[in-house]
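Visitor: Sequence:
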Amino acid sequence: MSGSTKTMGMLTVGTLVAVTAYTVALGSNGWLWFGWVVLGLITLGMAATRDT
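Under this note's numbering, the first residue of the sequence shown carries the number 1, and numbering increases by one thereafter.
Hint data in this document are derived by calculation from the structure and do not stem from the laboratory. Just so you know, not all the hints are guaranteed correct.
[As the list claims (entries may be wrong)] What follows is a set of in silico ranges between Cβ atoms, one per label pair, in the way DEER data are often shown:
1. 34 with 9: 14 to 22 Å
2. 2 with 26: 34 to 42 Å
3. 2 with 41: 12 to 20 Å
4. 16 with 48: 15 to 23 Å
5. 17 with 45: 17 to 25 Å
6. 2 with 38: 15 to 23 Å
7. 45 with 20: 19 to 27 Å
8. 17 with 47: 17 to 25 Å
9. 50 with 14: 14 to 22 Å
10. 25 with 50: 29 to 37 Å
11. 49 with 22: 26 to 34 Å
12. 6 with 32: 19 to 27 Å
13. 27 with 4: 31 to 39 Å
We treat Cβ as the ideally placed atom computed from N, Cα and C, and that holds for glycine.
Given these sequences and hints, build the entire structure.
Guide: In structure tokens:
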């Protein structure tokens, strides 16, 4: 994996932690979860294209 893909992976995991903390503290927000899913898909796409 390249450096940018690792950075995106760390950003995705960090965002998951932040969204989970927000959900626990203030209740669920569908847009935050939707954004996290989109970010995760982008990260997976980057990992798939960088490894080939």
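Visitor: Does each hint fit the structure? Answer for all of them.
Guide: These are the hints, each one checked on the structure:
{"no.": "1", "hint": "34 with 9: 14 to 22 Å", "verdict": "holds, 19 Å"}
{"no.": "2", "hint": "2 with 26: 34 to 42 Å", "verdict": "holds, 36 Å"}
{"no.": "3", "hint": "2 with 41: 12 to 20 Å", "verdict": "holds, 18 Å"}
{"no.": "4", "hint": "16 with 48: 15 to 23 Å", "verdict": "holds, 19 Å"}
{"no.": "5", "hint": "17 with 45: 17 to 25 Å", "verdict": "holds, 22 Å"}
{"no.": "6", "hint": "2 with 38: 15 to 23 Å", "verdict": "holds, 21 Å"}
{"no.": "7", "hint": "45 with 20: 19 to 27 Å", "verdict": "holds, 23 Å"}
{"no.": "8", "hint": "17 with 47: 17 to 25 Å", "verdict": "holds, 19 Å"}
{"no.": "9", "hint": "50 with 14: 14 to 22 Å", "verdict": "holds, 20 Å"}
{"no.": "10", "hint": "25 with 50: 29 to 37 Å", "verdict": "holds, 35 Å"}
{"no.": "11", "hint": "49 with 22: 26 to 34 Å", "verdict": "holds, 30 Å"}
{"no.": "12", "hint": "6 with 32: 19 to 27 Å", "verdict": "holds, 23 Å"}
{"no.": "13", "hint": "27 with 4: 31 to 39 Å", "verdict": "holds, 34 Å"}
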